[in-house]
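Asker: Each chain, written out:
There are 4 protein chains.
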Amino acid sequence: MAAIPVPENLTSLRRMVADTPTRPPLGDVAHLGHAQLFTPVPEETVAFFIDYMGLTVASRNGDSTYLRTWDDYEHHSLVVTRRDQPGIGRTALRCSSREALDRRVAAVQATGATGQWVRDEPSIGDLWVTQDPDGHELALYHETEYWQAPAELAPGLKNQPQAKPGQGVGVRRLDHVNYLAKDVETTTDFVIDALGARPTEQIRLDDGHIGARWQTFTQKSYDLVYTEDWTGSQGRLHHLAFATDTREDILRAADLALDTGVFIETGPHKHAIQQTFFLYVYEPGGNRIELCNPLTRLVLAPDWPLVTWTEAERAKGQAWGLQTIESFHTHGTPRVD
Amino acid sequence: MAAIPVPENLTSLRRMVADTPTRPPLGDVAHLGHAQLFTPVPEETVAFFIDYMGLTVASRNGDSTYLRTWDDYEHHSLVVTRRDQPGIGRTALRCSSREALDRRVAAVQATGATGQWVRDEPSIGDLWVTQDPDGHELALYHETEYWQAPAELAPGLKNQPQAKPGQGVGVRRLDHVNYLAKDVETTTDFVIDALGARPTEQIRLDDGHIGARWQTFTQKSYDLVYTEDWTGSQGRLHHLAFATDTREDILRAADLALDTGVFIETGPHKHAIQQTFFLYVYEPGGNRIELCNPLTRLVLAPDWPLVTWTEAERAKGQAWGLQTIESFHTHGTPRVD
Amino acid sequence: MAAIPVPENLTSLRRMVADTPTRPPLGDVAHLGHAQLFTPVPEETVAFFIDYMGLTVASRNGDSTYLRTWDDYEHHSLVVTRRDQPGIGRTALRCSSREALDRRVAAVQATGATGQWVRDEPSIGDLWVTQDPDGHELALYHETEYWQAPAELAPGLKNQPQAKPGQGVGVRRLDHVNYLAKDVETTTDFVIDALGARPTEQIRLDDGHIGARWQTFTQKSYDLVYTEDWTGSQGRLHHLAFATDTREDILRAADLALDTGVFIETGPHKHAIQQTFFLYVYEPGGNRIELCNPLTRLVLAPDWPLVTWTEAERAKGQAWGLQTIESFHTHGTPRVD
Amino acid sequence: MAAIPVPENLTSLRRMVADTPTRPPLGDVAHLGHAQLFTPVPEETVAFFIDYMGLTVASRNGDSTYLRTWDDYEHHSLVVTRRDQPGIGRTALRCSSREALDRRVAAVQATGATGQWVRDEPSIGDLWVTQDPDGHELALYHETEYWQAPAELAPGLKNQPQAKPGQGVGVRRLDHVNYLAKDVETTTDFVIDALGARPTEQIRLDDGHIGARWQTFTQKSYDLVYTEDWTGSQGRLHHLAFATDTREDILRAADLALDTGVFIETGPHKHAIQQTFFLYVYEPGGNRIELCNPLTRLVLAPDWPLVTWTEAERAKGQAWGLQTIESFHTHGTPRVD
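Protein chains in written order, with our numbering: chain Z, 1 to 337; chain G, 1 to 337; chain A, 1 to 337; chain L, 1 to 337.
Same shape as in the complex, but just chain Z:
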């Protein structure tokens, strides 16, 4: 049977999907491992992640604190590091095997990019550190030590890495990183081609260029997002997102923010794109943090078509009608205003 072309938009889909390979094989990059945040006020930032977000400290080393969400099977989900300016440091992606890691290193090198092997994180083996075309630091690794919870954090069930904390929101995992990039299309093409990510949704503006694109390595609908940086800067962060168990967790998080002075930028509401229920707050260092909940939505279809949103569609606001807040287009870290 001949391949049938796949229209870009789901709403016009009516087709018999055939042999067309529409995605790279799952699994060379298994999932987002952890991310590093820079902050000029590391004590306050760490306190925010412990008291408000409900992470716990795995270990500390010099200017860096290694924090973990309760359902992370690895040593750390987040590294908070002192620096003059807030912003995003390393994003580490765990590969499925050493072979998968080597394949991805080769694929990145084939694009002309360079990198280097380091071994500089606790409980993690070799990392190959490189950059995306916009200058964000990316690291690929496979070797990792499974987390063994200390006695006071021992879980009640053996299929869980650590006790769910009674303090703060108690986010389950680091969910995704949303970068700002000067050229979204070029940068995401790199992520797709060299790292094997799959784009699931994107915004194409009226002049044809891509304003934002969502990529996944998993059956979550996105792991790495790139949004256009209107300032023309490079290497900046839009936000880091953590997944909660429920939407009620996010409503409770909004109440806790209100009562503890955490700045709420926008939400809770539901995104039209990807349909995620969200709340955006700022951590004390100035980085934007999202608490997100996708309900049980997954992308299981091996040939799920890329959904493209137009400028007119985006003008309708979020899913239930909330208009996008102005600062969403202007605030990134480091700040460049």
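Treat the hints with care, since some could be wrong.
Given that identical chains are not distinguished, each listed pair holds provided it fits within a single copy or across any two copies.
[Stated by the list, open to error] Calculated lysine to any residue pairs in the SDA-like style (CA-CA distance at most 20 Å, straight line):
hint, residue 1, residue 2
1, Lys158, Val299
2, Lys316, Glu326
3, Lys158, Asp206
4, Lys316, Phe328
5, Lys158, Glu99
6, Lys182, Ile192
Worth flagging that the hints you see were computed from the coordinates, not collected in a lab.
The hints should help you fit chains G, A and L onto chain Z, whose structure is shown.
Answerer: Chains G, A and L alone, transformed into the frame defined by chain Z:
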């Protein structure tokens, strides 16, 4: 670096995971596509799935009604077929590509099992129909037609196949099938070796034999489950499960059951194994149906170790202490008492 | 012990509450009974309340349909009546006894207002019909027939008037009426003095006049609300509100609205005043309808002080920062633009 | 119009409610103020209420710690006092005014009971201390000091007494006390006649005697409950209950209990009687604590009839079918086994 042996239980894990390939590559079987239920009272069974569960009818054909959950991108999630006895008919698994399908057919044939190609379902291409060693019908396919919602069910957002219904619980997807089997170990070995499933949790009884085992093809923590049939029968169903968006949906479902006369067998409560929040009801034909919610729990680790529960651990009951109800061990379909 | 003056704002409270009687005795008006909506499109409006809100029809009579929420112990919670213009008709308040009813009639007459006895509603005895100073029709009654659910709506538990419906949101009760009024202070003084309502919160603008005031007859924090009508019109409706069981019901309601074309004006979000979680939609006749959830918040203190919000405080927006939408200040029914 | 007799069971209600006064006027006892728990391990008990339940400490005095839920407008909701045996100490009921307090003192004395005036609690004026016929200590008071939150617990909104805590479950209020009593009918008749409580539901066993009865002073459906003590002891406690904002809070509470070693006796599930969603745990001193959520259910009807459950109805278990756990009938404090 040398491979470090992986202990079977997560609680005793403290290791550096290395090059050890611990799973087959993801993706030959992409996901559970749909399942077929037999019922002696098809009108009542279909009404149950429409009015209570919130499915809609995609099409009808003779003794079969093709029903769909609102977030299914394919034509149908469930086939309800008239037959003298309730029970499970075909379980259909969608493969990632035609090549993947052919590889799996070859792998099944390599075990000595036989099958045949058919083309007997609406909006689906070639299916290769076979059986697991316990006699449950399995079908593998790749070609499928993406669902195009009729105008009255058009979704509000273009990244969603169909409107969420206002009627009933409104389950999002067919989540998993839980079979009864005379010999769980042999049957699941077939599913693991020939179909490429990955076991995530299991019960090993004191005499060493496997009492139940959970397999996944995805990053959901299970898709196909086999539980020992204490009657020694073969080919029977324990339950068919549908995922809700929230735990609150399940609490609401319990209230709706109470007020509309749907029989609740047990729940709502939380499973210790896999941690799923659950409610078990019987549909009018006698098949057990689970409404389940995993929160945002996923198995993203490419080397997540198989978790084994002992007889003593199982005796503790469910996660929050609920004792397993007696009928859970005795009721299956077809009935053999 | 001498009475200690009660500061108006809770945040400055630090006092020993003594013998000061700060409220009329609870109970002459027991609770909000039901309300009447006018609509130019009664079929569509009734369908909205059945299909989307989850009410059921108790009876019909000429141009009026009597609808009920599932937890109402009386015959009807809402009367939908055909009229050229949308708007609010009668608001009926149930008194605790015949003596209480007579006391309230006398108190209203003592203000110079007039009324008349009618017996024009199904399952309800004598109603005394009058108007508030802004011209909204109010009715007082005591005699009422307890609802006996028909067999198909019989509840599963005997302490519940009717089965919870599987269709739509399934709101529990009519929660409150929010009127627009030309002169909020005068109108609410009437409701407080003549009907025995208790004000719980209010907005006092910088020039000293009252912009809105919330009154209760119960331990719910409000039952009747008056907001200033910027058009200077009289007798208009801002919105009618129905209480859901959970905040999740409201999030589900937002999704159902999105998928079925119900217009969402604003929300879901949390009010700063009264802290209610809310969603505002328009029914097809043009009236604004709120779905609201107060969690388990009650005003149990017999001397709970009136909380006053300033213009500056209101400028901060809703509880989590949402700015009040422009149409919230301009849209009322009947329309006067 | 002549009074129409009110059948005892709601399901047989079909009547025109007329002038019949069916309840004492609301308001002499305004609401449950606070309760006192005895514990042999006060440090552990206080830690349980802080870390797990989410209360905060208002003050300490000798062997007593005064704790408060975040939405309590008074100084304390719970007093934890060291004693050799666990059990219930004083239950304090706030009266609506000094006159109401004096009326109730007179009414209690008219039954032949005695009491004495004390002034022994922080931020509370005169208390009149007496006992119910089963020997539980009851206190009536009116004067109370409104809570002024310290800066670190200042709420985000001025209509809230204190910030909602980020630690533990964060229960909103002390909801009810459930006593054990040798003779339920005699004891509750006292509470109804002398204190002005209203019974809303009861269990009448086949031999005609009352097995349990639920009383309210408010529009919550119950505040004080008495259950028959099968041991024939007197003055014992079945449980103390705290209300959460949501059912999700209770599911989260169950997970926190599982991970922190708090003993879960039964639940989460929904009571048939009063329909409350519940979770029962034991605090370290041995007292049973309920976390409860009534959704938005209230008893607003001034003539809501007493609902009586039979022995056969009780045998059906809880609302969704959970059988009542054996220890529910045997465990009380102090222990008498």
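Asker: Now look at each hint and say whether the structure bears it out.
Answerer: Hint check results:
When the C-alpha separation of Lys158 and Val299 is checked against a cutoff of 20 Å, the pair qualifies only between copies, where the shortest distance is 14 Å, while the shortest distance within a copy is 28 Å. Proximity of Lys316 to Glu326 under the C-alpha cut-off of 20 Å is found in both arrangements, the shortest distances being 15 Å within a copy and 16 Å between copies. In the homo-oligomer, the alpha carbons of Lys158 and Asp206 lie at most 20 Å apart only across protomers (18 Å), although the nearest pairing inside one protomer, at 52 Å, exceeds that limit. For a Cα distance limit of 20 Å, the shortest separation of Lys316 from Phe328 qualifies both inside one copy, at 15 Å, and across copies, at 19 Å.
When the C-alpha separation of Lys158 and Glu99 is checked against a cutoff of 20 Å, the pair qualifies neither within a copy, at 30 Å, nor between copies, at 38 Å. In this homomeric assembly, Lys182 and Ile192 come within 20 Å of each other (Cα to Cα) only inside a single copy, at 17 Å, whereas the closest approach across copies is 46 Å.
In this structure, only the earlier hint numbered 5 is contradicted, and the remaining ones agree with it.
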